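Novice: Sequence:
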Amino acid sequence: MKFKFPAKNSSSSSSSIKSSSSSGSSSGRSRCVVVVVVVVVVEVVVLVVVAVVVVVEVVVVLVVVEVVVVEVIVVVVEVVVVVVVVVVVVRVVVVVVVGVGVGVGVGVVVVVVVVVVVVVVVVVVVVVVVVVVVEVVVVVVVVVVVVVVVVVVVVVVVVVVVVVVKQVDGK
1 MKFKFPAKNS SSSSSSIKSS SSSGSSSGRS RCVVVVVVVV VVEVVVLVVV
51 AVVVVVEVVV VLVVVEVVVV EVIVVVVEVV VVVVVVVVVV RVVVVVVVGV
101 GVGVGVGVVV VVVVVVVVVV VVVVVVVVVV VVVVEVVVVV VVVVVVVVVV
151 VVVVVVVVVV VVVVVKQVDG K
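Residue numbers (UniProt numbering): 1 to 171.
What the hints contain is simulated information worked out from the structure, not anything from laboratory work. Bear in mind that the values here come from a model prediction, so they are computed numbers and not experimental data.
Here are the in silico distance ranges between beta carbons for each label pair:
no., residue 1, residue 2, range
1, 61, 147, 14 to 22 angstroms
2, 78, 149, 38 to 46 angstroms
3, 66, 43, 31 to 39 angstroms
4, 57, 167, 38 to 46 angstroms
5, 128, 54, 26 to 34 angstroms
6, 45, 125, 40 to 48 angstroms
7, 169, 135, 48 to 56 angstroms
All residues carry an ideal CB built from backbone N, CA and C; glycine is no exception.
Given only the sequences and the hints, what does the whole structure look like? Please build it.
Specialist: Here's what the structure looks like:
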């Protein structure tokens with residue numbers, strides 16, 4: 001078997017090689033541009049997802065703090081209720097054992113304690129309601145912001161990919 005090499009001055013074979021290599025390099029560059037754009041887009045999406053996760057974690061921490069505060073308030077109210085019950089029992093015992101005169105003085109103390117407890121309970125309920133409303137508003141705002149950011153990122157990514165693909169196809 002013998003191999004035949006083309007003549008050195010043959011222009012047809014060299015021009016076809018040059019044209020194919022030049023078109024290959026431009027398509028290679030186009031592919032690189034597309035890959036770089038896709039990688040950047042993926043990185044941006046990952047950053048947005050991480051930001052969303054951080055925001056959700058912050059909201060969860062706020063909810064946990066709110067639950068702890070509500071539990072502390074409930075414990076305080078329970079302690080106050082126990083104190084009122086003890087005062088009422090002491091009053092009844094004093095009235096039964098000592099007599100009505102001393103019982104009247106204890107009764108005034110009981111009325112004052114009951115009024116204070118009612119005021120404290122009302123204030124606690126108002127504070128809890130305000131905290132819950134604020135928490136709900138914060139969660140709704142965070143969810144809306146996250147959704148808007150995700151939609152904007154998706155739209156930007158789609159636009160960038162479409163523009164790059166059109167430019168690559170145009171070349």
